[in-house]
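Guided by the hints, dock chain Y onto chain G, whose structure is given.
Chains G and Y are the protein sequences, given in the same order.
Note that my numbering gives residue 7 to position 7 of the first sequence, counting from 1, and the numbers run on in steps of one.
Note that my numbering gives residue 66 to position 66 of the second sequence, counting from 1, and the numbers run on in steps of one.
One thing to keep in mind: the hints can contain errors.
Any copy will do: because identical chains look the same in the list, a pair fits if it lies in one copy or spans two.
[Stated by the list, open to error] Pairs of lysine to aspartate or glutamate residues, derived as EDC-like cross-links and limited to a Cα-Cα distance of at most 20 Å, are as follows:
1) Lys58 / Glu17
2) Lys28 / Glu66
3) Lys28 / Glu77
4) Lys28 / Glu45
5) Lys58 / Glu45
Simulated from the structure, these hints should not be mistaken for lab results.
So the chains spell out like this:
Number of protein chains: 2
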Amino acid sequence: MARFMDVHSGFIGVTPEQLAEAHEADLKIEGDEGVHFERAWLDPEAGKVFCLSTGPSKEAIMRIHERAGHPTTEVYEVTAEV
Amino acid sequence: MARFMDVHSGFIGVTPEQLAEAHEADLKIEGDEGVHFERAWLDPEAGKVFCLSTGPSKEAIMRIHERAGHPTTEVYEVTAEV
Chain G
1 MARFMDVHSG FIGVTPEQLA EAHEADLKIE GDEGVHFERA WLDPEAGKVF CLSTGPSKEA
61 IMRIHERAGH PTTEVYEVTA EV
Chain Y
1 MARFMDVHSG FIGVTPEQLA EAHEADLKIE GDEGVHFERA WLDPEAGKVF CLSTGPSKEA
61 IMRIHERAGH PTTEVYEVTA EV
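Isolated chain G, as found in the complex (with noise of 0.2 Å):
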């Protein structure tokens, strides 16, 4: 199992429940890709939305957000953290 951080932009403006409500979209079907969204963190001002994953796959966690409507190809893998 890998470790991904995806990134989004464009999400000017969002509010913390959007965020909540994207994160919810995500955690009902994740479990079809074998992949678990851990974290986000947003800043509105900037539309920039960070999400930390774990999965088999890029492409395993670009299904997911697609599916839930907010699709990325922002996607890297973190090897290695601190």
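What follows is chain Y alone, placed relative to chain G:
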């Protein structure tokens, strides 16, 4: 105290040991600015590092990273998280 996610680019081929050293360099001086770097994640293939921190301002984060030898201007204030 605000929370931030910052992004470094160009760290291609960086090792886990080098990531740990860079993080240690931040930790040594972060107190000067009231900053704390909590975690960092590395994708050595894409050359990206993501750092999660707390501090008084984006500028404080940038000053510590610059003094520690790895400047970035890509700092996001994350005001919501799940």
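Report the numbers of all earlier hints that the structure fails to satisfy, in ascending order. 1, 3 and 4
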